[in-house]
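Given chain A, put chain B in place with the hints provided.
Number of protein chains: 2
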Amino acid sequence: MTGTLHIIGMGPGDPELLTLKAARLLRAAPVVAYFAKRGQRGHARRIADGHLAAGVEELRFEYPYTIEIAAEDPRYIAELAAFYDLCAAALAARLAAGPDAALLCEGDPFFYGSAMYLFDRLAPLGPVAVVPGVPGMAGCWTQAGRPIAHGDDVLSVIPGTLEEAALAERLGACDAAVIMKVGRNLPKIQAAMRRAGLAGRALYVERGTMTDERVIPLEQATQAAPYFSMVLVPGRQRPR
Amino acid sequence: MTGTLHIIGMGPGDPELLTLKAARLLRAAPVVAYFAKRGQRGHARRIADGHLAAGVEELRFEYPYTIEIAAEDPRYIAELAAFYDLCAAALAARLAAGPDAALLCEGDPFFYGSAMYLFDRLAPLGPVAVVPGVPGMAGCWTQAGRPIAHGDDVLSVIPGTLEEAALAERLGACDAAVIMKVGRNLPKIQAAMRRAGLAGRALYVERGTMTDERVIPLEQATQAAPYFSMVLVPGRQRPR
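Chains as they are written, first to last, in this note's numbering: chain A, 1110 to 1349; chain B, 1110 to 1349.
Because identical chains cannot be distinguished in the list, a pair is counted as satisfied if it fits within a single copy or across any two copies.
As a list, the in silico DMTMM-like pairs of lysine to aspartate or glutamate whose alpha-carbon atoms are at most 20 Å apart:
| no. | residue 1 | residue 2 |
| --- | --- | --- |
| 1 | K1297 | D1262 |
| 2 | K1297 | E1273 |
| 3 | K1297 | E1315 |
| 4 | K1297 | D1261 |
| 5 | K1146 | E1167 |
In short, the hints are calculated from the structure, not lab data.
Same shape as in the complex, but just chain A:
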């Protein structure tokens, strides 16, 4: 690979929450790649609207699944690995020829991002540079108007895919929490939150910083968006 791959954090959704560095690299990129779910345009690609050069070449990487399968399922792991291999090969082919390329990533690339799997595959082959971004969770707690962690709070980021008992246990071991991957795990998360005695403090935030965002008490949520939804438990509010 002679070109540089720039893996770019695109922030939580509001296109104005791109960094100056991300905007500069996007304008200069002759090739941009991004992940998208089947039948959808791609969230990271949508954020890039208005930031790309005319005539840019686009590589759209469509996930083989539209909904989440248990991460332990061996078929899922194998098929995703094959998918990431193909994506990495497509990028490596462009980069071998010389020009730089940008891989767009929602939020921050190294924080639960799919781009990490291409980083692992491509970094040994040539120059790969990463631009951090505003994580989706920061967009959510900002829009909720709730400081998330103070002083010596422990903040845990917990995937909603865990079992109810494990969720409740993790919640009991921190002062503030962010639960990601809500979707169809919503009722289980609500049950775990009651079990941990935190139901009254928890907020449900959907599409934080996007035009159709929604912030409500968790107990009032009845159906969660499969993506871009999070549950927040703001930390201890000490007098200061």
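This is chain B only, laid out in the frame that chain A set:
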């Protein structure tokens, strides 16, 4: 208050990691306020260099302490509360007269930021808007070249001010960790990391994204910078 207070996340240190929204609001702000340690210029203020309008009015809020005192010390709590009261009054006086003001905040404002204490005081009095930023920890794990959390990892953010046993216990209850407030807690953090069996995986990162940044294995760190230093434990790297 008739003016709007914009609390602006300034990112981890590299001025190009400001968001487009932050840069726009900084250029337009007639008044900017920021915290600084005694004898120092102020990290958030330094990031703003080159982004402020000519003739901007600056309010410098100097912390009453230069080193950290135990957060539970009643004198510390009382003196900091009085300090934040004064800062809030100074901003409220400017905002009462009409023009907007910007309060600069390192990293993300709602993530362990001092600005939260002014938000608490001023939001009841008039319009306060918050702009999320790239958190310092995202700058650190990006510069370390290490994806921090994958799949269903639990990531905990833990203050280094906790006792050694509590630190080790929290470390044992997560897959990936970020330890903030390292400074003089470094030897205790190293001991807790050994106790949790994580010493081999932990990295010490100082001034991530700044020109004089440093990334080394935690076990090789002998003296930590009092600020802008963090310890990272990257999560499980699963085959995918």
